[in-house]
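Participant: Which chain is which? The protein sequence lines are A and B, in order. Numbered per our numbering, the first sequence spans residues 34 to 280. Numbered per our numbering, the second sequence spans residues 34 to 280.
Quick caveat, the hints were computed from the structure, so don't treat them as lab data. Among the hints, erroneous ones may be present.
All copies of an identical chain are treated as equivalent in the list; a pair is satisfied when it fits inside any one copy or across any two copies.
[Stated by the list, open to error] Restricting the straight-line Cα-Cα distance to at most 20 Å, the calculated cross-link-like pairs of lysine to aspartate or glutamate (DMTMM-like) are:
1. Lys179 <-> Asp147
2. Lys64 <-> Glu95
3. Lys38 <-> Glu259
4. Lys104 <-> Glu199
On a predicted model such as this, the values are computed, not experimentally measured, just so you know.
Number of protein chains: 2
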Amino acid sequence: MAGKKWLRLVKSLHQKKYRNQHQLFFMEGAKAVGTLLEAGFVPERIFVTLNQELLFSHSQTEIISEQELKKISALQHPNGVLGVFRMPPQQAITSEDWIVTPEDWIVALDDVRDPGNLGTIIRLCDWFGIKNIVCSRTTVDCFNPKVLQATMGSIAQVNIVYSNLESYLKSLGLPIYGAVMEGTSVYQTALPTSGILLLGNEANGISASLMQSVDAKIAIPQFGRETAESLNVAMATGIVLSEIRRR
Amino acid sequence: MAGKKWLRLVKSLHQKKYRNQHQLFFMEGAKAVGTLLEAGFVPERIFVTLNQELLFSHSQTEIISEQELKKISALQHPNGVLGVFRMPPQQAITSEDWIVTPEDWIVALDDVRDPGNLGTIIRLCDWFGIKNIVCSRTTVDCFNPKVLQATMGSIAQVNIVYSNLESYLKSLGLPIYGAVMEGTSVYQTALPTSGILLLGNEANGISASLMQSVDAKIAIPQFGRETAESLNVAMATGIVLSEIRRR
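With the rest of the complex left out, here is chain A (with noise of 0.2 Å):
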């Protein structure tokens, strides 16, 4: 049985106030706590049910009655598996460990709003070996258990900085490369190796004091019938990020 104090406090990590005071979140899922944990994520504590107990040796964990599990969890079927882990360090792109290489290129989000967009979008940041997404502040937290679900580990691979986008894109020095809806064809647009690739809000894409900053404007072209609604934000950075990493 885990203890009370435990219970509450993981109930509490739902929301994003009580991760950063902690300073830390949880990961639900046998294969994604792994990930974090092959990764070097130092768990605090993995709860596991009695039909799940030999999956981790690690010294942490400890058995967790399906009921318990039930309240904690951020999903409608919990599956057996809740790691407790520490958040780590956000680091600054420039800082040695993740240092612009000439052939990085960073994402960067203004004001991301859906869960699911931003874990789909970390697990292609994985996918295509982006290090780097930087968020504005206004985009939804990375340690979200939404985004979390959607990333399946990925959050391990990807650093991720909150900050005010205009200053710091500005800092980094590289060029721009705004994904709008209508733009220069991306299959038409030359890619140099390091780029910052920047994608906006589901409802009304880059802001517009943020656009001032991009130095080309790309767009996915449509071959079908023209339509207003432009395509998935996450849908988007797949797509301009295969063509980045496919040249």
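Given the coordinates of chain A, assemble chain B onto it according to the supplied hints.
Facilitator: Leaving out everything else, chain B in the frame of chain A:
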């Protein structure tokens, strides 16, 4: 006030069985309903709440109360418009209207189960100008409300056939490109001007029996760490269709 008979009918259309029986489906949202109307879909009724009454001049428009709409809507937060439409006839891809010209690619789906994934794939086909989708009979119904919501009206632009994939694909006589984890890089694969892009089930990929019909296995290369988890099926569709259209 909408008649009780109509309310009961729309509620029944949440289920595939009744959609097929009545050959009707419903779509929610002013934009999406407008797209269907523009595309020539025949509405049986368009229910609108009082604040939305001026949106459609169509003779089948009928005012409905917020409470009534809530009862028949598939949305947690109904958005004031629900149109009931007649299903378009499923057209054979080789029929005159949908004949495969040399520039055509077809998307084939083997047992795609998630409504959001199918909806996104339909939307992508519309975006990239793919006119035909062939689905295995185990693939989620394209008139499922959750699928329709994700298509954002694109259902009107794409012909969707449900059939036995093995025999149907064979009858088309086009080369079959299967999207798999272990395949030739899509960036290095010669892609003809027409072919079939085949994608499989979210968990299990393309079924073993169908795999025997695949002419070329293609994959989206991983540039980060190697993972056993593939990209989401809709994301893979988007990236490969972009690659097909780019050339």
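Participant: If a hint holds in the structure, say so; if it doesn't, say that too.
Facilitator: For each hint, the structure was consulted:
In the homo-oligomer, the alpha carbons of Lys179 and Asp147 lie at most 20 Å apart both inside one protomer (9 Å) and across protomers (18 Å), since each shortest distance falls under that limit. With identical chains, the CA atoms of Lys64 and Glu95 are at most 20 Å apart within one copy only, with a shortest distance of 17 Å there and 51 Å across copies. With identical chains, the CA atoms of Lys38 and Glu259 are never at most 20 Å apart, being 56 Å at best within one copy and 38 Å at best between copies. Within a single copy, Lys104 and Glu199 get their C-alpha atoms no closer than 41 Å, and across copies no closer than 46 Å, so neither meets the 20 Å cut-off.
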